[in-house]
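Enquirer: Based on these hints, arrange chain B on the given structure of chain A.
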Amino acid sequence: MGLKLLLADDETEYVDTLAERLELRGYEVKVVHDGTSALTSVENDMPDVAVLDLFMPGLPGTKVLAELNRRHPGLPVVLITGQTGENACGDGPAQQAFACLTKPVDFSDFIRIVSDAAQSRAGAGEEESSHG
Amino acid sequence: MDRSECSSRLLASAMHELRNALAVIRECVGLASDVARLQARGGEAARNIPKGMTARTVQDLDEVQRQVSRASEIADAVDFLGEASTSAGRSAQCDLARVASVFCVLARRRARAFHMELLAEASNEPVWCARDAMDVLLDLLAVFDICASAGGDVQVCFKAQRRKEGPGLLVSLGAGGETKEMVVSALAGSGSLMPDQGGWASRLVPWVSGDTKHFWLSLGAGQTA
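Chains as they are written, first to last, in this note's numbering: chain A, 32 to 163; chain B, 577 to 801.
So here's chain A without its partners, still in its complex pose (with noise of 0.2 Å):
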């Protein structure tokens, strides 16, 4: 099994096609379409990098970056956005994401950055064990 992501947006017709193209190329994918749900989701089961919409209904993106960053530090997240500008992902919360995209995203670009993130991740493990 390949990578495990979780994809968090409200444009449900985006996200779970997404995730089925994911599918096809091995990945083991768990969606969600708002924010809550995307925080108890990774309390069931951890993703090795979870994708979250910046701007989603209840409990935005960035609010739910600032809780796993909180309760998962080591958890990658990258963040992918409708939003152009400065407000998009120029500043602020938006910065402690491993990266953030804007939409309509490239999808081999996507999967770079993914694996970019879960590698990052897999990176910071095996530092933390050999200083351990």
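Hints listed in this document are in silico derivations from the structure and should not be mistaken for laboratory results.
Remember, predicted model here, so these are calculated numbers, not experimental data.
From the three backbone atoms N, C-alpha and C, an ideal C-beta is built for every residue, glycine too.
Worth double-checking, as some hints may not be accurate.
Just the calculated beta-carbon pair ranges, DEER-fashion [claimed, not checked]:
| id | chain 1 | residue 1 | chain 2 | residue 2 | range |
| --- | --- | --- | --- | --- | --- |
| 1 | A | Asp147 | B | Asn624 | 25 to 33 Å |
| 2 | B | Glu741 | A | Arg101 | 54 to 62 Å |
| 3 | B | His790 | A | Arg101 | 40 to 48 Å |
| 4 | A | Asp147 | B | Asp638 | 29 to 37 Å |
In silico lysine to any residue, SDA-like type, Cα no more than 20 Å apart, as pairs [stated by the list, open to error]:
| id | chain 1 | residue 1 | chain 2 | residue 2 |
| --- | --- | --- | --- | --- |
| 5 | A | Lys61 | B | Pro626 |
| 6 | A | Lys35 | A | Phe138 |
| 7 | B | Lys627 | A | Arg52 |
Expert: Just chain B now, kept in the frame of chain A:
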């Protein structure tokens, strides 16, 4: 909030919505392409295509058509906004039904962030109002902000109408969540908060006394200058 800020906010919301439509199109076409490639490869690759995936690609192509319509609707609304911004302050009148419809398309994405659904009820004929379209968009965004700041989570429907005192918009609250009563209270107390533009004072009042679901956004009367 001035016309420029109103225009910027609506444009940002519309572009966000457009990017979402493009993202759906890209993934639907990508999935159809993935399946077609596996089928073309034949052998084990073709046999390993999950059951039902071929039917799914047909659905995806239908979804692409829906998303193209969605994107086209956004493009039309942005065109309208561009024209309204350019002619702001110089336009003598606008069709309130059209402005309400355009507003709902432009603000749709922003509304979703607050669990709000915006609807514009179709009108059989134009409801002309001696106001600039940009100013009416400004009023509608002010109504939206009142609802959102009170917690949102409500369906808001706009219907252009002409009453004896002039044209305006009937603002109806539909299904809502726990914050609906707060939205009602906020709208009920907002009459004097509506901006005064170019000598016209827009007012939001209960449709009839004691009615908590319907409000009247008065646009054609109450000239202050």
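Enquirer: The structure should be examined with respect to each hint, and the outcome stated for every one.
Expert: Hints, verified against the model:
1. A/Asp147 / B/Asn624: 25 to 33 Å: holds, 27 Å
2. B/Glu741 / A/Arg101: 54 to 62 Å: holds, 56 Å
3. B/His790 / A/Arg101: 40 to 48 Å: Distance hint for B/His790, A/Arg101 holds at roughly 45 Å.
4. A/Asp147 / B/Asp638: 29 to 37 Å: With Cβ atoms ~35 Å apart, the hint holds.
5. A/Lys61 / B/Pro626: holds, 17 Å
6. A/Lys35 / A/Phe138: holds, 17 Å
7. B/Lys627 / A/Arg52: holds, 14 Å
Of the numbered hints stated above, none is contradicted by the structure.
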